[in-house]
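Protein chains: 2
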Amino acid sequence: MKERARRRTRRGGRTSASPPASPESLINRLPLVTVLSDDGVQMIHQASMRLLKEHGVLVLDYPPARKTFSDHGAIVEDELVRIDEDTLMHFVSQAPENFTQLGRNPANNIVIGGDHMVFAPVYGPPFVSDLDGGRRLATLADFENFVRLGYMCQHMHHSGGTLVEPNDVDVRERHLDMLLAHITFSDKAFMGSVTHADNARDTVTLARILFGVDAIASNPAVIALINASSPLRFDDRMLGALEVYARARQAVIITPFIIAGAMSPTSVAATLAQQNAEALFGICYAQMLNPGTPCVYGSFLANIDMKSGAPCFGTAENALALYATSQMARHYGLPYRSGGNLTAARIPGAQAGYESAATMLPTVQAGTNFVLHAAGWLEGGLISSYEKFVLDAEICGILARMVDGISLSDEDFAWDAFEEVGPGNHFLGSQHTMRHYTTAFYQHSVFSMDNYEQWEEKGSPDSYRLANLRWKQVLKEYQKPKLDEAVSKEMQEFVDQRRAELRDRKERTEWKHS
Amino acid sequence: MKERARRRTRRGGRTSASPPASPESLINRLPLVTVLSDDGVQMIHQASMRLLKEHGVLVLDYPPARKTFSDHGAIVEDELVRIDEDTLMHFVSQAPENFTQLGRNPANNIVIGGDHMVFAPVYGPPFVSDLDGGRRLATLADFENFVRLGYMCQHMHHSGGTLVEPNDVDVRERHLDMLLAHITFSDKAFMGSVTHADNARDTVTLARILFGVDAIASNPAVIALINASSPLRFDDRMLGALEVYARARQAVIITPFIIAGAMSPTSVAATLAQQNAEALFGICYAQMLNPGTPCVYGSFLANIDMKSGAPCFGTAENALALYATSQMARHYGLPYRSGGNLTAARIPGAQAGYESAATMLPTVQAGTNFVLHAAGWLEGGLISSYEKFVLDAEICGILARMVDGISLSDEDFAWDAFEEVGPGNHFLGSQHTMRHYTTAFYQHSVFSMDNYEQWEEKGSPDSYRLANLRWKQVLKEYQKPKLDEAVSKEMQEFVDQRRAELRDRKERTEWKHS
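Protein sequences, first through last, are from chains A and B. Taking the working numbering, the leading residue of the first sequence gets 1, the next gets one more, and so forth. Taking the working numbering, the leading residue of the second sequence gets 1, the next gets one more, and so forth.
Any given hint could be a false lead.
Each pair may be met inside one copy or between any two copies, as identical chains are not told apart.
[Unchecked claim] Straight-line Cα separation of at most 30 Å, DSSO-like style, residue types lysine-lysine; simulated pairs:
hint, residue 1, residue 2
1, K476, K307
2, K458, K476
3, K53, K67
4, K307, K472
5, K489, K67
6, K506, K482
Note that these hints are calculated values from the structure, not bench results. Here the structure is a predicted model, which is why all the values come from computation and not from measurement.
Let the sequences and hints guide you as you build the complete structure.
Right, here's the structure in full:
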């Protein structure tokens, strides 16, 4: 622990002219938190098997998937696919327990699964916000800024995916701009497009140019977020993308997207059973397509406010479900995705802080392997917030120390300090403190420990304002990582060609409909 | 779980004219979180025994305590008391595993120990703050307001102690005013004065008038916070009060007060060993005085910011130590006090929210039995904040649901809902939802789930402002609980008599020094 901590601090101390250090892979050394007994895990499992066998899953607008299920032993009637436990588990068991996703910088390769933990930024918001301008539709410039923030952040292990929706770019071409931004403004691993099978194919093509065809056949260079359209339903868009990635042996996160009370019953038990059925159904499909495809058991679970219908985050029900789901994923030997710094709040105030921590602590204590939304999330995922990003990163840094656990070496018991100081005196100047003060305890980057008087002298800034100063400073210090020119040129040529095709197709479609 | 939740909601729905419902005792049904192996627990224990035997504890300005230790087998040289494991553990083992503290309203009696959890408000701040006036020295009027807030709050099980320092009252008489405020403005259990042995005696006298001499001999009506003056030091003020309470068989919380890096070495292991030595030393003393005295193993542990020297809260080191200390307390079969909604922040913004939740979740997940500072704490304990009180209470309410765990009955699996709704449809109108919507999920009282547009229409209020409206509403709804007139008169007479004695003594002292 000590050596890890020391390295972390040294790297943190580099000047702004140096590239940011590769984030250190997190290994969770803590006992994992559980909320279900072994019997409880079995009950959830059996309930899911009953749902899949008796109720089934709707597979909408995608006949190839229904054929795949039918060919592999499922019962298909119209759009409904039913599957029994033996068939399902035969395929689910073929998914690997862990895998390595490649980063453009090999120092940023990450292991997903086991006791590894990966933090990735917010995914999906149409809006951005900052203290200066409030909420507004996001643009490609915002997207690039969030890539830069993630690249500069020592506690983000992954560049993420749709950091914001670049609304100023034609929706057909957006995936190309987002991929180029991840690849050129960062050298961390990134996520693939899931908006259409064609976009997934573009993602794979770019990854092949960047990493090489053979490299990404051995280890995935792309991870993609495949959502179920809960309850018990998948659609063509997601299944089409899933098929492309599975055939290319890239990684997929199968995530039921559930606001309990609306997309599932109001009870946690039923919600867990439904979620488990949906996640396993998607993973089963990936294994039917290409056995051994890296799959992550995903969970995105909030609950509805029964008064207003709004989604709630940071609640007890959500935390309990998060812990229980981690037990289910481990039960099947699958990597687990969940959690993040989630909140329903619209600005980064007290509610945002409470709800985020009340989600992120359970996320880490559950041993979640892939943590999407670890930084930047506001308003139930509608906003990527610049300030929230750096505030969340602080919590990620704190939790990165927590997973190291408590070291119990002779040096940690500080016998010489007790000898030197004696009862009643302080330890500030002791030799033991001198040996450890540079690495003892987490050093905050945006939270302030100032007392009231110091704080008033600085103009009584709240966390929102301090975070505003912080992200601007980080962007100012940002320098683009190097990228091989030949590779860059080849990617650009491919993107130019695809843009031309997409624009041509669009014009023809518009002509047809005019 | 369902029945508990239902009752909670019904009570919450009472009109403002009714007295607030007695808070439901919390039973923690979750598996407790651990961070130490059994060997680790033994290592901390052995290190503590070594500290107590080889280094000893300073007992300052209180010869009776040194004599007690000496009479019971400890080695006393000047002010230093050393004690071996057998002697220490002989006495520690006589403390009960749990006990019941009486509340003036018997419905508010509380069990301390085992799987019970008690939330009590902030303790000790000299300042109060609110959104309207910022930070200022606290007064008795503030003290009374915080008693009212605690009385009205369904998630506070205890009225607490020094909610704020009533600075406008002479320091010699303050304890009388604080006790009267707890007794008359609330009917929940309260804490005793520890500022002087005489004040502890006054506390016991008032408790005897209020509850009866026999009643408080069987079950404590007072619980008192006895701090060690760390490292490895106790003083006359605390030990004098401890002696009064132990002889009257009232409960004491023995709490080392440690900012690690200053009052203990920088490492968690050494800090845990020192803390364990101090806590057991105090508990041992209570048992030497009166075997069977109800004792709580207390922990107040923060770490220093090595750059500025300021105390930090919500850190990884603090959370790890909190979990580890709970394991130590359980190892000795003792009730455990720690945690709360702690933060270094000066206003209830994002930092306060994060740090508070990052302390309070571990507090609950560690199975802490007595949670002081569960509501109202700001600026490292220098401020009792009106707004923070109601924001913290929200988190307490959320956690009160979390400890119920996940119910796995047939009804919880909602089979009829899946049958009724079928794949692809929402559950909002299902019979199962209709049966459960009034109790499904926690209902927020101050956090807002409004979307951005609704929130803008309301004037874009942050949590600070919403909390400001909330506490004012609660104080408006407050009604004093009934108190027997004869008892009230007897207490008032005692207080008047003590005030006269204290003023008389003060005048004579002033005359002597003039």
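Please sort K307 with K472 into within, between, both or neither, judging by C-alpha distance up to 30 Å.
For K307 and K472, only the inter-copy Cα distance (23 Å) is at most 30 Å; the intra-copy one is 39 Å.
Alpha-carbon proximity between K506 and K482, which holds within one copy, between copies, both or neither at 30 Å:
So K506 and K482 fail the 30 Å test inside a copy (35 Å) and across (77 Å) alike.
When no copy is named, should K458 and K476 be tagged within, between, both, or neither for a Cα gap of at most 30 Å?
within (22 Å within a copy, 36 Å between copies)
For K489 vs K67, is the C-alpha pair at or below 30 Å within one copy, between two copies, both, or neither?
neither (40 Å within a copy, 85 Å between copies)
Quick one: K476 to K307, C-alpha cut-off 30 Å, is that within a copy, between copies, both, or neither?
between (45 Å within a copy, 25 Å between copies)
Between the shortest in-copy and the shortest cross-copy C-alpha distance, which are at most 30 Å for K53 and K67: within, between, both, or neither?
So K53 and K67 pass the 30 Å test inside one copy only (17 Å; across, 75 Å).
Consistency with the previously given hints fails for numbers 5, 6, ordered from lowest to highest.
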